[in-house]
Amino acid sequence: MAKKDKQIQFEEAFKRLEDIVTKLESGDLSLEDSMTLFEEGITLTETCKSRLEAAEQKIQLLLKDSGGNLSLEDID
Amino acid sequence: MSTPEPQAISVSDLTQQIKNVLEGSFPILWISGEISNFVHHGSGHMYFTLKDEKAEIRGVMFKGFNQFLHFKPENGMQVLLQGDLTVYKARGQYQIVAKKMEPAGIGTLYLAFEALKKQLAAEGLFDQEIKQKLPVYPRCIGVITSQTGAAVRDIFQVLDRRAPHVDVILKPSRVQGDKAAFDLTEAINDMAAFNAVDVIIIGRGGGSLEDLWPFNEESVARAIFACSIPIISAVGHETDLSISDLVADMRAPTPSAAAEVVSPAASDLIEYIHGYERNLASAMQRDLQKRWQGLDSAKDRFVLQQPSQLLKQHRTHSRELVHLMVQAYRLGIQGFSGKFAGANEKLLALNPMNILSRGYSIAYRETDQKIIRDPQDLKEGDPFELQTFKGTFRAKRANKKK
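So the protein lines, in turn, are chains X and R. In this text, residue positions in the first sequence follow this note's numbering: the first is 1, and each later residue adds one. In this text, residue positions in the second sequence follow this note's numbering: the first is 1, and each later residue adds one.
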C-alpha cells in the first residue's frame with residue numbers, strides 16, 4: 001500500500017462522509033453534483049474498507065546514531 | 001459512687017474490650033523486623049514471629065495475600081511488612097495480619113516513592129484536567145519497552161489481531177536496573193522529537209518493586225509530563241501502581257490492556273463504514289425520489305412531440321448524461337461483485353438506468369442541457385430533449401390549450 005494512502009486518517013474520511021451525506025440530504029444539488037458526491041462517498045468507503053482488510057502491520061524500530069540522528073528501520 | 005462488691009467481668013468480655021481498644025488504635029502499620037519461627041502451613045497460610053533486639057510479635061500472612069509475594073520469606077530475614085494489628089481471642093494473643101511484605105532495604109524505596117509522589121502531586125503533574133486525550137483512530141502507535149520482554153510480545157500480539165491497519169514504531173529501552181530510567185527518559189524524548197506516532201505505550205511486565213523501580217524515577221515522570229504525544233502507562237500487574245502511571249495521560253493495568261485501549265478494532269471500523277454506505281444510499285435514494293416526483297408532474301403537463309429525425313444530433317448533447325449513467329452503472333456492477341450485499345442492493349436500486357426502465361424519463365433544456373424541474377424552465381415552443389430507457393429524442397413544449 002502506498003505510503004500516502006496509508007496516511008488517510010479515518011477521522012478525516014469519516015468527517016468527509018458525514019459532509020457528503022448531509023449535502024445529499026439537503027436536496028439543493030443538481031443531479032450531476034449529487035451523482036459526483038455519491039460516487040466520491042462510495043469511493044471513500046471502498047478505500048477505507050480495503051485499507052482495513054488488506055492492511056499488513058508494519059513494525060519499525062526507532063534508532064539513534066552517535067550523532068543523535070533518529071531513523072526508522074524495518075523489523076520482521 | 002462505690003460498689004459494695006467487685007463486679008467481675010468475663011474473660012470474653014475483657015478480651016473483646018482489649019480487642020476493641022487495640023484494633024482501633026493501629027489502623028494501618030508498616031513494621032520492620034526479623035523473621036523467626038517461620039512456617040508455611042499446608043493450608044497455604046504463613047505463620048511467623050517478627051522480632052528485634054528487645055521485643056517480638058506474632059504474625060500471620062494468609063494465602064490470599066502471600067501468593068503475591070515476589071520473594072520467599074525465611075528465618076533470619078529482615079523484612080518490612082504492612083498489615084493490621086488484630087487480637088486472636090481464642091488464644092488471648094495479639095498479632096499482625098500482614099497484607100504486604102518486602103525484604104528490608106526496600107523500605108527506603110517506599111519512602112522515596114511516597115516522597116516523590118507527594119512532590120509531583122503538589123506540582124500538579126497528576127492533575128486530571130491537563131491530561132491529553134488519546135486519539136480515537138491512531139495511524140501509528142509508539143511502544144517503549146524492552147525488545148526482549150514479555151510486554152512487547154503481548155502488545156504486538158494484540159495490535160496485530162485487533163488493528164493490523166495500524167503501524168507500530170518500537171523504541172527499545174531497558175526497563176530494569178540502574179540504566180533503565182536513563183533509557184526510558186531518552187526514549188520518550190526521542191519519540192516526541194521524531195513525532196511520527198499518535199500515541200505512546202510505555203511499560204513492562206510484572207516484577208518486584210525493585211524491578212519496576214525505573215518507572216518511579218523522577219526523570220521518567222518529568223519526560224512523560226513534557227511529552228507532546230499522549231502516553232499510556234502499563235507497568236507490571238494491576239496491583240502495581242507506579243509514578244509513571246500517575247503522570248501518564250492514561251493508566252492501563254497491563255501492557256496487553258494498553259494495546260487494547262489504544263487500538264480501534266478493525267471490525268468496529270468496518271461496521272462504521274457500512275453505516276456510512278447505508279446513509280449514502282438512502283440519501284441518494286431520497287434525492288432521486290424527489291426528482292422523479294418532479295418529473296412525474298412535468299410529464300402530466302406536457303404534450304410531447306417526437307421529432308425522431310433529430311435523435312442523432314441529440315446524442316452529442318447528452319454525452320454528459322450518458323457519462324453519468326455509465327458511472328452509476330459501474331458502481332452498481334461493482335456492488336454486485338462486492339462482499340456487502342445489503343448496501344449493494346441499494347446501490348443497484350439507485351442506478352438511474354433501472355429507474356428509466358420502469359418508464360421514467362429525464363428532460364433536458366436544449367440550450368444548456370440543464371435538467372428541467374419547472375414548467376417555467378421552458379417557454380412555449382422551446383425544444384428540449386427527453387432521455388428514456390432505450391434512448392433520447394428531441395421534443396418541443398406545446399402551446400397552451402386554448
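If you are wondering where the hints come from, they were derived from the structure by calculation, not from laboratory data. Computed from a prediction, not measured in an experiment: that's the story for all the values here. For every residue, glycine included, the Cβ atom is placed at its ideal position computed from N, Cα and C. Take these hints with a grain of salt, some might be off.
[Unchecked claim] Far from chain X, some chain R residues (derived; all Cβ distances over 12 Å):
no., residue
1, Ser32
2, Lys118
3, Asp198
4, Thr367
5, Thr388
[Said to hold, decoys possible] Mimicking EDC-like on lysine to aspartate or glutamate, the simulated pairs with C-alpha atoms at most 20 Å apart in a straight line are:
no., chain 1, residue 1, chain 2, residue 2
6, R, Lys396, R, Asp368
7, R, Lys290, X, Glu39
8, R, Lys370, R, Asp382
9, R, Lys290, X, Glu25
10, X, Lys58, R, Asp368
11, X, Lys64, R, Asp190
12, R, Lys72, R, Asp240
13, X, Lys15, R, Asp198
14, X, Lys64, R, Asp240
15, X, Lys58, R, Asp198
Taking the hints in turn, this is what the structure says about them:
1. Ser32: Answer for R:Ser32: holds, closest chain X Cβ roughly 43 Å.
2. Lys118: holds (34 Å)
3. Asp198: Violated: least Cβ distance 9 Å, not greater than 12 Å.
4. Thr367: holds (16 Å)
5. Thr388: holds (16 Å)
6. R:Lys396 / R:Asp368: holds (15 Å)
7. R:Lys290 / X:Glu39: Holds - the C-alpha atoms of X:Glu39 and R:Lys290 are around 19 Å apart, at most 20 Å.
8. R:Lys370 / R:Asp382: holds (13 Å)
9. R:Lys290 / X:Glu25: holds (11 Å)
10. X:Lys58 / R:Asp368: Outside the cut-off at roughly 52 Å; violated.
11. X:Lys64 / R:Asp190: holds (8 Å)
12. R:Lys72 / R:Asp240: holds (19 Å)
13. X:Lys15 / R:Asp198: holds (19 Å)
14. X:Lys64 / R:Asp240: violated (31 Å)
15. X:Lys58 / R:Asp198: holds (15 Å)
Checked against the numbered hints given earlier, the structure breaks hints 3, 10 and 14 and satisfies all the rest.
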